[in-house]
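Protein chains in written order, with UniProt numbering: chain B, 1 to 566; chain V, 1 to 319; chain Y, 1 to 297.
It cannot be assumed that every hint is accurate.
Cβ-to-Cβ under 10 Å is the rule here; a few derived chain V residues that face chain Y [what the hints assert, rightly or not]:
#, residue
1, 77
2, 80
3, 118
4, 128
According to the in silico footprint, chain V covers these stretches of chain Y (three or more CB under 8 Å from chain V) [unchecked claim]:
#, segment
5, 54-66
6, 195-206
7, 215-225
I should point out that these hints are in silico values taken from the structure, not numbers from a laboratory.
The beta-carbon is built from N, C-alpha and C at its ideal position, and this holds for glycine as well.
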Amino acid sequence: MKRKMQMALSLMLALTFVFVTACSTSNTDSGNGTTTPETTNAANEPPAEPMTIRFATGNNPNWDDMQSDIGKFIKEKTGITIKPEFPVGGSSDEMLALMVATDEYPDLVVPGSATNKMVDAGALLDLRPLIEEHAPNIKKVYGEYYNRLRWSKDDDAIYTLSLTGVDHTYFDSGSGFQLQHQVLEAAGYPEIKTVKDFEAAIKAYLEKNPTTEDGQPNIGLSLNGGEWQILISVTNPAFYATGAPDDGEFFINQETYDAIMHYQRPEEREYFRWLNHMNDIGLLDPESFIQKYDQYKAKIASGRVLGLIDQSWDYGQAENALKAEGKFGATYARFPVTLNETFQDHSFHGTGYLPALGIAITKDAQDPVRLIKFLDYLASDEGQVLLNWGIEGKHYNVVDGKRVIPADLLELKTNDNNTFVKTTGIGNYNISARYGDGVKDPSGNYYTTTFPEQIQAAYSEEDKKTLAAYGATTYKDLWPSDDAFPERKYGAAWTLPFDSTSEANVIFQKTQDIMKKRIPEAILAKPEDFDKVYDQFLKDLEDAGVAKMNAEFSKMVKDRVELWSK
Amino acid sequence: MKPLTEMTPEEGPTLKRNRFWFKAFQQRYLYMMSLPFVIWIFIFSYVPVWGWVTAFQNYKPKDTIFDQKWVGFSNFIELFQDERFYIVLRNTLAMSTMGLLVGFTVPVIFALLLNEMKGQFFKRSVQTISYLPHFVSWVVVSGLVYKMLSTDGGAVNQLLMWLNIIDQPIQFMAKGNLFWGIVTVSDLWKEMGWNSIIFLAAMAGIDPELYEASTVDGAGRFRKMWHITLPGIRTTFMVLFILSIGHLISIGFEKQFLLGNPLVSDYSEVFDLYALKYGIQMSRYSYGTAIGIFNSVVSILLVFIANGIYKRVTKETVI
Amino acid sequence: MQGVVQKNIGDKLFDLFIYIFMTMVAIVTLYPFLNVLAISFNDSVDTVRGGLTIYPREFTLRNYETIFGFEGLITGFKNTVIRTVAGTAIGVAAASMMAYTLSRPDFQGRRWMSVLFALTMYFSGGLIPGFLLMKYLGLIGTFSVYLVPALLSVWNVFVIRSYIDGLPFALQESAKIDGANDWTIFWKIILPLCQPVLATIALFIAVGHWNSWFDTYLFNNRNPENTTLQYELMKVLLSTQTGSNYRDPNAQQAMAAVSPESIKMAITIVVTVPILLVYPFLQKYFVKGMTLGAVKS
Chain B
1 MKRKMQMALS
11 LMLALTFVFV
21 TACSTSNTDS
31 GNGTTTPETT
41 NAANEPPAEP
51 MTIRFATGNN
61 PNWDDMQSDI
71 GKFIKEKTGI
81 TIKPEFPVGG
91 SSDEMLALMV
101 ATDEYPDLVV
111 PGSATNKMVD
121 AGALLDLRPL
131 IEEHAPNIKK
141 VYGEYYNRLR
151 WSKDDDAIYT
161 LSLTGVDHTY
171 FDSGSGFQLQ
181 HQVLEAAGYP
191 EIKTVKDFEA
201 AIKAYLEKNP
211 TTEDGQPNIG
221 LSLNGGEWQI
231 LISVTNPAFY
241 ATGAPDDGEF
251 FINQETYDAI
261 MHYQRPEERE
271 YFRWLNHMND
281 IGLLDPESFI
291 QKYDQYKAKI
301 ASGRVLGLID
311 QSWDYGQAEN
321 ALKAEGKFGA
331 TYARFPVTLN
341 ETFQDHSFHG
351 TGYLPALGIA
361 ITKDAQDPVR
371 LIKFLDYLAS
381 DEGQVLLNWG
391 IEGKHYNVVD
401 GKRVIPADLL
411 ELKTNDNNTF
421 VKTTGIGNYN
431 ISARYGDGVK
441 DPSGNYYTTT
451 FPEQIQAAYS
461 EEDKKTLAAY
471 GATTYKDLWP
481 SDDAFPERKY
491 GAAWTLPFDS
501 TSEANVIFQK
511 TQDIMKKRIP
521 EAILAKPEDF
531 DKVYDQFLKD
541 LEDAGVAKMN
551 AEFSKMVKDR
561 VELWSK
Chain V
1 MKPLTEMTPE
11 EGPTLKRNRF
21 WFKAFQQRYL
31 YMMSLPFVIW
41 IFIFSYVPVW
51 GWVTAFQNYK
61 PKDTIFDQKW
71 VGFSNFIELF
81 QDERFYIVLR
91 NTLAMSTMGL
101 LVGFTVPVIF
111 ALLLNEMKGQ
121 FFKRSVQTIS
131 YLPHFVSWVV
141 VSGLVYKMLS
151 TDGGAVNQLL
161 MWLNIIDQPI
171 QFMAKGNLFW
181 GIVTVSDLWK
191 EMGWNSIIFL
201 AAMAGIDPEL
211 YEASTVDGAG
221 RFRKMWHITL
231 PGIRTTFMVL
241 FILSIGHLIS
251 IGFEKQFLLG
261 NPLVSDYSEV
271 FDLYALKYGI
281 QMSRYSYGTA
291 IGIFNSVVSI
301 LLVFIANGIY
311 KRVTKETVI
Chain Y
1 MQGVVQKNIG
11 DKLFDLFIYI
21 FMTMVAIVTL
31 YPFLNVLAIS
41 FNDSVDTVRG
51 GLTIYPREFT
61 LRNYETIFGF
71 EGLITGFKNT
81 VIRTVAGTAI
91 GVAAASMMAY
101 TLSRPDFQGR
111 RWMSVLFALT
121 MYFSGGLIPG
131 FLLMKYLGLI
141 GTFSVYLVPA
151 LLSVWNVFVI
161 RSYIDGLPFA
171 LQESAKIDGA
181 NDWTIFWKII
191 LPLCQPVLAT
201 IALFIAVGHW
211 NSWFDTYLFN
221 NRNPENTTLQ
231 YELMKVLLST
241 QTGSNYRDPN
251 AQQAMAAVSP
261 ESIKMAITIV
271 VTVPILLVYP
281 FLQKYFVKGM
291 TLGAVKS
C-alpha cells in the first residue's frame with residue numbers, strides 16, 4: 001500500500017513537469033504560428049492576399065468557422081478569414097472593459113452598450129472618411145439616414161455601422177394580447193378591442209369549460225412574470241394598452257419631448273387596476289409571478305391557458321409543442337387590445353431608421369481600408385443577396401425572374417434551422433450595412449427571405465380561419481397602420497442608453513428593483529388596497545430620485561431630436 | 001549550547017541571530033517546501049491588491065491608475081447610505097448562518113451514519129448517489145423546487161392535501177418568510193453528499209486501534225461514535241467551520257437568484273448580487289471595488305474573531 | 001445475558017434505521033440526476049410540455065448528436081483532460097507540501113505563513129487587476145494559464161493540515177531520532193498516512209478543473225487550440241440570453257432560437273459522466289479508509 005501510493009505520487013509529480021514543459025513549449029510555437037501571417041499582411045498587398053481578422057461579437061452557437069458554403073465563398077472572393085471571439089457569460093461588457101483596460105483590441109468589434117466607453121477611450125476609428133472614400137455601397141444602403149449614424153452633437157464622427165436593416169417593414173405583429181382560437185370560436189369571434197372584451201371572452205369560455213378534455217383545470221390568463229420577462233408580459237403591455245409607443249421604461253411627450261417613467265401615468269395605474277381585478281375574480285393565474293419560464297411554457301403547451309399577454313417569440317416554443325401534438329385550437333391569435341376605446345395600440349408607431357447594435361473598426365486594426373472595403377462588399381447588392389439567400393444554383397434558383405429556395409433546403413430551414421445556418425452560413429455574416437425586410441433589389445426581388453406571402457404560408461388553418469372571421473390576412477392588419485401616427489423624431493427612446501456610470505443609471509436600476517417588487521404586489525393586492533400599494537410604489541420611485549432621472553432622460557431625448565433634425 | 005542565563009549583554013543579539021539562522025538551516029527542507037508557494041501567493045494574490053486604490057477613485061479603464069480622479073471615501077459613503085445595502089446584508093447573513101448551521105451538522109450526521117454501515121456495496125452506492133446532485137446545476141435544481149412546491153399540481157401540496165393537513169394549496173414560493181428555509185433545504189439537498197466527503201475522509205484517518213481498545217473495554221456503538229469518531233474529526237470540522245465563518249458574507253448569489261421571484265425579492269437578494277448589479281454590471285468598477293473591500297474587511301474580522309474565540313476556549317488555533 | 005440481547009436488538013434497530021434512512025437519501029438525491037438524464041434523452045419539442053420525471057416520454061438521441069457535432073469538442077475534451085490530470089497532480093503535491101510545513105509546530109515560518117495564506121481566502125484584487133497581472137506575466141493565450149494561477153488552493157492546505165494535525169506526532173519524532181530529514185518524513189511517513197484526505201482533495205481539485213470555463217473565456221477565448229470542453233458547451237448554454245436588448249428585432253430572433261432545454265440537459269450529462277467514472281477510484285480511499293496500524297508496523 002505504502003509503496004503504491006509513493007509510486008503514484010512520484011508519477012504524478014513527474015507527469016506534472018512533463019506537462020508544464022510540454023505546454024509551455026507548444027504554446028510558444030503556436031503563438032508564433034498565428035502571429036506571423038497577420039503581421040506580414042499589414043503591408044500593402046493586393047486584396048486577394050489572405051488576411052485573418054479578429055472580430056469580437058456576441059455569442060453565436062451556429063458559427064461555422066468559415067467552413068460553410070458562404071464562408072468559403074467569402075474567403076475565396078475577399079481573401080479574408082474571420083476569427084470571431086465570442087464572449088460568453090451573459091454580458092460582453094466585461095470583455096470589452098478588459099479590452100479597454102489593457103488597451104488591446106481586435107480588428108472589428110460589436111461594442112453594444114459599451115460603445116460609450118470605447119469611444120471615450122479612443123479605441124474606435126472614425127469611419128466617415130473611410131466610407132466617403134472607399135464604401136459607396138454602405139453609404140447607399142443608409143441613404144437618407146446616413147447622418148443618423150453620427151455620434152453626437154459635438155462629435156461628427158461615425159464610430160459604428162448599425163446592423164439593423166434599413167427601411168425594414170414589419171409584415172406581422174408578434175405582440176399584443178393573445179387568445180386561443182378555440183376561445184374565439186366558442187364565442188363566435190367577438191370583437192376583441194378592449195381589455196373588457198378580452199376579459200369577457202376568457203370568462204365566458206372558462207365558465208363553460210372549467211377543465212380541458214383530459215380533466216385538467218383551465219387557466220384564464222397567465223403572465224410570464226416570475227423572471228425578467230415581467231417587462232414583456234406585465235409592464236410593457238401597460239403602455240401599449242394605454243396608447244403609448246415603446247420608449248423603454250419611459251413615456252415621451254411627443255410635443256415637448258419631456259420624459260417621465262411610464263408607471264407615473266395615471267392611465268397605466270388603471271391598466272394595473274384591471275390586472276388586479278382579473279386576479280380578484282380568479283381569472284389570473286395565481287402563479288403568474290412565481291413561475292419559472294419552463295413552468296409557464298409547460299402550462300401553455302398543455303393547452304390550458306386561454307389568454308396570454310406576451311410576445312410571440314417568448315411563447316413560440318410552447319406553441320410549437322401544441323402544434324406538434326395537433327392541438328391547433330389551443331394555439332393563439334393576437335390582438336391590439338387597449339384599456340378602452342379611446343386608446344389605440346402604438347406598437348407600430350413609426351421611428352424612421354433606428355441605428356442600434358453596430359460594428360466598429362478599432363484603432364488596432366491591421367488594415368482599416370481593406371476592412372471597410374470588405375464591409376462595403378458585404379453591403380453591395382451582390383453581397384446582401386449572398387448573405388441572405390446564398391449562392392445561386394446551390395441555395396436558391398431563379399425561376400421566372402424570382403428567387404426561389406429549393407424545397408429540400410426550405411424544409412431544412414424550417415425544421416432544423418441550426419444545421420441550416422451552420423452548413424449554408426446564411427445569417428452568420430450579417431455584419432455590415434443592409435436592407436431590412438420588404439426592400440427590393442434592382443432585379444425586383446426582396447433582399448431578405450422574409451416577405452408577406454411567406455408569412456401567410458406559415459399560418460395554420462386555425463390562424464387563417466380566425467383571421468378570415470376578422471377580415472384580415474395577417475394579424476398585423478388588426479393593428480393601426482404604420483402611418484397612423486406621425487413619426488417619432490427621436491426614433492425610439494429605448495435606443496438611448498444612460499451613461500453607465502452616471503447617477504441617472506443608478507437611479508434607473510433602483511426603479512427597476514422597485515418596480516419588480518411593487519407591480520406584482522399591487523396586482524395581487526385586495527382591490528381596496530390597490531391604490532394604497534400603487535401610491536406607495538410611486539412614492540418609492542420619488543424617493544429613489546425618479547425626477548432627476550426623468551430630467552436627465554428628457555435632455556437625452558431632446559439632444560437626439562436636435563442631432564437627427566440637423 | 002549555552003543556556004540563555006549565561007549570556008553577556010553584548011553576546012545576546014548576535015547569538016540570537018545565529019541561533020535563528022542555525023535553526024533556519026536545520027529547517028532548510030521546510031523552507032524549500034514552502035518558500036516557492038509564498039512567492040507564488042505574493043504574486044498572484046497580493047500584487048493585484050493594488051486594484052483596491054480604485055475604490056477611492058472614479059475609475060475608468062481607459063486611463064492608468066495614476067491618471068484617475070480621486071474621490072476619497074464617497075463610494076463607501078454611498079454604499080452605507082443605500083437602504084438596499086442593509087436589506088441585502090440582512091438576507092445574506094440570515095441565509096449564510098442557516099446554511100452554516102445546517103450545512104455542517106447534517107453532512108456530519110450523514111457521514112457518521114454512513115460510517116456505521118456494514119454492507120460495503122450499499123454504503124458505496126449511497127455515498128456515490130448522494131453526491132450526484134452536486135453536479136446538477138442550480139438552474140435545474142431550482143426548477144425542480146418550483147415544480148414540487150407549485151400550487152398547480154406540485155408534489156408537496158398534493159401530499160399535504162392528501163394527508164388532510166391543509167385544504168387549500170399553499171403558495172410556498174410567494175411567502176417571503178419561507179424563502180430562507182427553502183434556500184437552506186434546497187442547498188442541503190444539493191450539497192449534503194458532497195460536503196460529507198471530507199468528513200468521511202477524516203473518519204477514515206482515525207486509528208482503528210482506538211476502536212479495538214474500546215471494544216475490549218466493553219464500549220457500545222454509540223459510545224464509540226461519541227468518544228472516538230466525533231473527536232476524531234473535530235480538528236477537520238473546526239478548521240472548515242472557522243474558515244467558513246469568514247465566508248458568511250460572500251455566499252454567491254446563484255441559488256438565491258434562481259430560487260427567487262419578484263414577490264420575495266426583499267428576502268432573496270443577497271450581497272453578491274447587489275455587488276454585481278450595482279457594481280460591475282453597470283461598469284462602476286470603483287463602487288464594485290468598494291463593496292469588495294467592505295466584504296474582505298468583514299470576512300477577515302469574522303474569521304479572526306472566530307479563531308480567537310476558539311483559541312481562548314481550546315488553546316488551539318486553526319490559522 | 002439479557003443486557004446483551006437488548007443491546008443486539010438496539011443495534012439491529014439502529015442498523016434498520018440507517019438502511020431505511022439511507023435508502024430515502026438515495027432516492028431523494030438520485031431524482032434530480034435521473035430527471036436530467038430523462039430530459040436529455042427526450043425530444044426537445046416534447047420537453048416543453050413539462051411533466052417529465054425519470055424516464056423520457058419521446059426517446060431520441062438527437063440532443064446528443066447535436067452536441068457531438070460541435071466544433072472544438074475534441075480539442076476541448078483533450079485540453080480539459082490534460083488540465084485536469086496535470087492540475088490535480090500539481091495541486092495535490094503543492095497543497096500537501098505546504099500543509100506539512102505549516103503543520104510543523106517548530107517551523108519558524110509557521111505563524112506568519114499561516115496568516116499570509118489564510119488572508120488570501122477573503123480578498124481579491126478584482127477582475128481588471130487580475131487580468132492585467134496575467135498580461136504582464138505573459139500568461140494570456142497560453143495553456144499554463146490554467147495551471148499556474150490555480151497552483152495551490154489555500155482552503156485545501158488548511159484541510160490537509162488539519163488532517164496531519166490529527167496524526168500522532170510521535171511518528172515524526174521517532175523518525176527524526178532515526179536520522180530522517182524533513183523531506184523524508186514528509187515523503188515516507190506523512191504522505192502515505194494522508195491517503196484519505198489526499199484522495200478527497202484530489203477529487204475537489206479535479207472537479208474544479210473539470211468544471212471551470214471562466215478562465216478559458218477570459219484568457220483563451222481567441223485561442224481555439226487552448227479551448228476547454230466546458231467552455232465549448234457553455235457557449236451553447238449561455239447563448240445570447242442577457243446583455244442584448246430584447247426590444248431590438250435582431251435580438252428577438254436570437255432569443256427565440258435559444259438552445260432547447262433538452263440540449264442543455266444533455267450537456268450536463270456529457271460533462272458529468274466522465275468525472276463520475278473517475279470517482280470509484282478515489283472513493284475507496286475515503287470510504288473504506290486505510291489501516292493506520294498497517295503503516296506503523
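Results of checking the hints against the structure:
| no. | hint | verdict |
| --- | --- | --- |
| 1 | 77 | violated, 20 Å |
| 2 | 80 | violated, 19 Å |
| 3 | 118 | holds, 7 Å |
| 4 | 128 | holds, 6 Å |
| 5 | 54-66 | violated (count 0) |
| 6 | 195-206 | holds (count 5) |
| 7 | 215-225 | violated (count 0) |
In terms of the numbered hints stated before, the structure departs from hints 1, 2, 5 and 7, listed from lowest to highest.
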